[in-house]
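**Q** Residues per chain are reported as follows:
2 protein chains.
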Amino acid sequence: MSIFDQIRKPTLLLDEEIVRRNIRTMAKKAAANGVHFRPHFKTHQSCQIGEWFRAEGVQAITVSSVDMAKYFADCGWEDITLAFPVNLRQLDEIAELAGRIRLGVLVESVEVVHALGQRVSAPLSVWIKVDVGARRTGILWDDVETASALVKACRAYPSLHLKGLLTHAGQTYQAAYPVEVEEIYRQSLSKLQSLRHVLQEQGWAQSLLLSVGDTPACSIVQDFRPADEVRPGNFVFYDVQQWMLGACTWEQIAVALVCPVVSLHPRRGEAVIYGGAIHLSKEFLLSRGQRFYGLISLPKDGRWGEPLPGAYVARLSQEHGILRLFPHQLEQLRVGDLVCVLPVHSCLTAQAMGRYLTLDGVWIEMMPHP
Amino acid sequence: MSIFDQIRKPTLLLDEEIVRRNIRTMAKKAAANGVHFRPHFKTHQSCQIGEWFRAEGVQAITVSSVDMAKYFADCGWEDITLAFPVNLRQLDEIAELAGRIRLGVLVESVEVVHALGQRVSAPLSVWIKVDVGARRTGILWDDVETASALVKACRAYPSLHLKGLLTHAGQTYQAAYPVEVEEIYRQSLSKLQSLRHVLQEQGWAQSLLLSVGDTPACSIVQDFRPADEVRPGNFVFYDVQQWMLGACTWEQIAVALVCPVVSLHPRRGEAVIYGGAIHLSKEFLLSRGQRFYGLISLPKDGRWGEPLPGAYVARLSQEHGILRLFPHQLEQLRVGDLVCVLPVHSCLTAQAMGRYLTLDGVWIEMMPHP
Chain D
1 MSIFDQIRKP
11 TLLLDEEIVR
21 RNIRTMAKKA
31 AANGVHFRPH
41 FKTHQSCQIG
51 EWFRAEGVQA
61 ITVSSVDMAK
71 YFADCGWEDI
81 TLAFPVNLRQ
91 LDEIAELAGR
101 IRLGVLVESV
111 EVVHALGQRV
121 SAPLSVWIKV
131 DVGARRTGIL
141 WDDVETASAL
151 VKACRAYPSL
161 HLKGLLTHAG
171 QTYQAAYPVE
181 VEEIYRQSLS
191 KLQSLRHVLQ
201 EQGWAQSLLL
211 SVGDTPACSI
221 VQDFRPADEV
231 RPGNFVFYDV
241 QQWMLGACTW
251 EQIAVALVCP
261 VVSLHPRRGE
271 AVIYGGAIHL
281 SKEFLLSRGQ
291 RFYGLISLPK
301 DGRWGEPLPG
311 AYVARLSQEH
321 GILRLFPHQL
331 EQLRVGDLVC
341 VLPVHSCLTA
351 QAMGRYLTLD
361 GVWIEMMPHP
Chain S
1 MSIFDQIRKP
11 TLLLDEEIVR
21 RNIRTMAKKA
31 AANGVHFRPH
41 FKTHQSCQIG
51 EWFRAEGVQA
61 ITVSSVDMAK
71 YFADCGWEDI
81 TLAFPVNLRQ
91 LDEIAELAGR
101 IRLGVLVESV
111 EVVHALGQRV
121 SAPLSVWIKV
131 DVGARRTGIL
141 WDDVETASAL
151 VKACRAYPSL
161 HLKGLLTHAG
171 QTYQAAYPVE
181 VEEIYRQSLS
191 KLQSLRHVLQ
201 EQGWAQSLLL
211 SVGDTPACSI
221 VQDFRPADEV
231 RPGNFVFYDV
241 QQWMLGACTW
251 EQIAVALVCP
261 VVSLHPRRGE
271 AVIYGGAIHL
281 SKEFLLSRGQ
291 RFYGLISLPK
301 DGRWGEPLPG
311 AYVARLSQEH
321 GILRLFPHQL
331 EQLRVGDLVC
341 VLPVHSCLTA
351 QAMGRYLTLD
361 GVWIEMMPHP
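Protein chains in written order, with our numbering: chain D, 1 to 370; chain S, 1 to 370.
FYI, nobody ran anything at the bench for these hints, they're computed from the structure.
Bear in mind that the values here come from a model prediction, so they are computed numbers and not experimental data.
Please note that the accuracy of each hint is not assured.
[Said to hold, decoys possible] Using 30 angstroms as the maximum straight-line C-alpha spacing, the simulated BS3-like pairs for lysine-lysine come out as follows:
| # | chain 1 | residue 1 | chain 2 | residue 2 |
| --- | --- | --- | --- | --- |
| 1 | D | K70 | S | K9 |
| 2 | D | K152 | D | K29 |
| 3 | D | K9 | S | K70 |
| 4 | D | K191 | D | K28 |
| 5 | S | K28 | S | K191 |
| 6 | S | K9 | S | K191 |
Construct all of the structure, not just a fragment, from the sequences and the given hints.
**A** Now the structure itself:
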């Protein structure tokens, strides 16, 4: 019996072999580069998948919310960086967590440093969040004044241990070519080095570490120097977005949303699946000006096959997905068949689905929402 | 103590008074028009909110999945139309449901009619799904041949009761002006009437009902004739999309995502909130070519205030929302403050959040996912 025989509604299928291979490849690359590997767990959000990282020697992780830090602390992770600006409304929870694991947080304002220093009595690792061009959070890389003030503020509290400078160069997601990703990586590291240099010259800090890591850069760049730590997350599953960026091959994509075909419209060149915005998320990419929300493949030998050339998810409503297909592809489909959608953004699809079914028919749970 | 004092992380706030008023207004409008009111429950997905509909005399509902039908059947709804193409992989569940409530389904292929007729022994209401221009599902409104074949196929099975023609004219969401919504409504009804006329002339069907209903049309159009039934859903909460279409005022928007401010960037004219794609969804609208994912207001007198002019959610990542604000608006904000985001698409935000907090501090649960 094939795994597909048991699927009745949209189901996020996971290929454990690919996931384990993706983890192993990145862990080895980090080791070969001599950098600390602190993968981001926001993509999979699963204690069980976390164990596959542990099997590759991973001991330290990154998360993006206090809830996620608590979830992974509860399943035995003792070294966690909370890579999201400190939410002052969750200071009590942060203080509690710092008392039971090695917790790291990101700061970008003196006010937050004081709040942490006054509220958290257990040792807390502190990273200065630096914006090297992503325009999301962090102090600007050339804002030496704020950086100095942050270092100074940290020094006032014995519980706060300044670890270094941390960035997420999310602008790699806008890169047109892999070589541009490499360039962004180099520039990001230069900016961090430059800031570290000034801080050290001014006597503010001795040995600041540099922590970086987005999946495009960690996948494409071969030489991680002079980073001390990398924190990619999405590589565990990859997705169509990463594939388009040149960060992976389609064979490295480890999850697919399996959906029943519910309606055929050959005159429009379209088929409709049960699988919509609430399953895939509304993340899209553009191809020749046309939005698409996923690529299509068919079940083959107990897993998903290679993407059908030119076929894509063209529109989404709450529960419907509208597929655009060539006539010869449409002819193969019947109502009740299953198609596999390779997601544009696997982090959001995983979040929307809440759990995974492995090719062996085992359910893997994620942290509960909300 | 204000409701905002207890909020520590992204929370979907619900104003019960507005919700009840939205329900009452639409129920009265349907009654005044002499049409059957069968609201779509996919927006709120909550048994508890369902009771507020019951209080306005509602007895029949619409849902968009088999799971949702089961959830509402379990909380006492006995007349449910499943307004989604029949998923052949859930025929057993459909048959079981038809055995315990008055279930209606949508068909658009003869093959599916046969599958239903052979598998479902309990009485089942059947609607022919007609595409009047939304290009999602349904037979084309002028495809008399398929319509006749569907009627004929239904007649072959005593359990199948053909009710009428049903459409969702989702193209109203693309309308530029309210008057265009009215025009789409009129055209949709004309198309349904025309198809009904031909089917009756050919002797295929006697008294086919016409069921329509998207929120823009049901909000903007005053005269529902010649529809027999309306099925709006989103109006229970409304949202920025409906407001932009002219389907509601901002005072009718009944939910807002409350989010802590975690980072301020006055030089960029931006603030960052804890509240991202996994909370709001990535649904956006365009304003002067610029994407926005929500409008911003501030807490005021224990609820959200009016939208700040010109302020919006400009970018989203998994947990971050980046707000664009004028300098005088930014100056009012401190890290740790709360802002309220009026969602672009309340159905998707509700789905992402999974529950509601009323202004009175009561949690309202939704159907469990997945």
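**Q** Now tell me, hint by hint, if it's right for this structure.
**A** Hint by hint, here is what the structure shows:
With a C-alpha separation of about 14 angstroms, the suggested pairing of K70 (chain D) with K9 (chain S) holds against the 30 angstroms cut-off. With a C-alpha separation of about 35 angstroms, the suggested pair K152 (chain D) and K29 (chain D) falls outside the 30 angstroms cut-off, and the hint is violated. Simply put, K9 (chain D) and K70 (chain S) have alpha-carbon atoms about 14 angstroms apart, close enough for the 30 angstroms limit, and the pair holds. Taking the CA atoms of K191 (chain D) and K28 (chain D), the gap is about 26 angstroms. The hint holds against a cut of 30 angstroms.
Restraint check: the Cα-Cα separation between K28 (chain S) and K191 (chain S) comes to about 26 angstroms, which is no more than 30 angstroms; the hinted pair holds. Between K9 (chain S) and K191 (chain S) the CA atoms are separated by roughly 48 angstroms; this puts the pair beyond 30 angstroms, and the hint is violated.
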